[in-house]
Amino acid sequence: MTIRTIVTLTTAALIGACSDGPTEPDWATPIRSDAGTYTLSSSGFGFRAIVGFTFRNPTSRTIHFPNCNRAMRLVVERETEVGWLTAFDPGGDDCVSSPIGVEPGQRTSNEVWVWLHPNGSGGSDWPDDMEPPGTYRIRVTSAVYAGGGDSPVESEHLVSNTFEIVR
Numbered sequence: 001m002t003i004r005t006i007v008t009l010t011t012a013a014l015i016g017a018c019s020d021g022p023t024e025p026d027w028a029t030p031i032r033s034d035a036g037t038y039t040l041s042s043s044g045f046g047f048r049a050i051v052g053f054t055f056r057n058p059t060s061r062t063i064h065f066p067n068c069n070r071a072m073r074l075v076v077e078r079e080t081e082v083g084w085l086t087a088f089d090p091g092g093d094d095c096v097s098s099p100i101g102v103e104p105g106q107r108t109s110n111e112v113w114v115w116l117h118p119n120g121s122g123g124s125d126w127p128d129d130m131e132p133p134g135t136y137r138i139r140v141t142s143a144v145y146a147g148g149g150d151s152p153v154e155s156e157h158l159v160s161n162t163f164e165i166v167r
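Just so we're aligned, residue 1 is where the sequence shown starts under our numbering, counting upward by one.
Because the hints were derived from the structure by calculation, they are not lab data. Just so you know, even glycine gets a beta-carbon here, dropped at the ideal spot from N, CA and C. Incorrect hints may appear among the rest.
[As the list claims (entries may be wrong)] What follows is a set of in silico ranges between Cβ atoms, one per label pair, in the way DEER data are often shown:
no.: 1; residue 1: 135; residue 2: 96; range: 41 to 51 angstroms
no.: 2; residue 1: 97; residue 2: 52; range: 27 to 37 angstroms
no.: 3; residue 1: 151; residue 2: 96; range: 10 to 20 angstroms
no.: 4; residue 1: 45; residue 2: 154; range: 30 to 40 angstroms
no.: 5; residue 1: 97; residue 2: 162; range: 28 to 38 angstroms
no.: 6; residue 1: 146; residue 2: 78; range: 27 to 37 angstroms
no.: 7; residue 1: 147; residue 2: 82; range: 20 to 30 angstroms
no.: 8; residue 1: 80; residue 2: 141; range: 15 to 25 angstroms
no.: 9; residue 1: 50; residue 2: 159; range: 26 to 36 angstroms
Please build the complete structure, drawing on both the sequences and the hints.
Next up, the structure:
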């Protein structure tokens with residue numbers, strides 16, 4: 001069975017787009033999902049999970065995120081026995097908006113809509129032979145330090161905690 005996956009990035013209201021970072025002691029990764037588990041729900045067009053996340057700048061420099069209408073360039077990766085593989089890649093190079101700037105210690109929030117379309121069509125029945133959801137993480141694919149030649153941000157600052165997507 002062919003499975004077509006589509007990811008649509010949508011910007012959250014960006015509450016506290018550059019507010020102080022959270023005070024929770026478990027801020028182990030610079031990107032943190034809003035929950036540990038997301039449930040796919042039938043939408044009439046397939047199945048979706050909306051994954052909210054927050055980025056907190058752990059560096060001493062301002063970070064700029066290229067984006068398209070506030071949709072950051074990222075991928076959602078799935079954990080497999082051979083390592084992390086890209087499960088969803090929405091692209092996002094079609095337009096360029098002003099970069100999202102995050103000062104040291106500040107944060108910005110966003111969300112990614114993960115859509116699963118069995119057989120490339122809509123519907124509300126989960127196919128029996130479709131691979132079940134699993135463990136995922138978000139990885140930002142494009143971020144640079146402001147000024148000084150716009151050098152790329154180190155990859156360890158651009159990966160989220162893990163989370164589950166279940167059906």
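Status of the hints after comparison with the structure:
no. : hint                         : in the structure
1   : 135 - 96: 41 to 51 angstroms : violated, 32 angstroms
2   : 97 - 52: 27 to 37 angstroms  : violated, 20 angstroms
3   : 151 - 96: 10 to 20 angstroms : holds, 19 angstroms
4   : 45 - 154: 30 to 40 angstroms : holds, 37 angstroms
5   : 97 - 162: 28 to 38 angstroms : holds, 29 angstroms
6   : 146 - 78: 27 to 37 angstroms : holds, 32 angstroms
7   : 147 - 82: 20 to 30 angstroms : violated, 39 angstroms
8   : 80 - 141: 15 to 25 angstroms : holds, 19 angstroms
9   : 50 - 159: 26 to 36 angstroms : violated, 20 angstroms
Checked against the numbered hints listed earlier, the structure breaks hints 1, 2, 7, 9; every other hint is satisfied.
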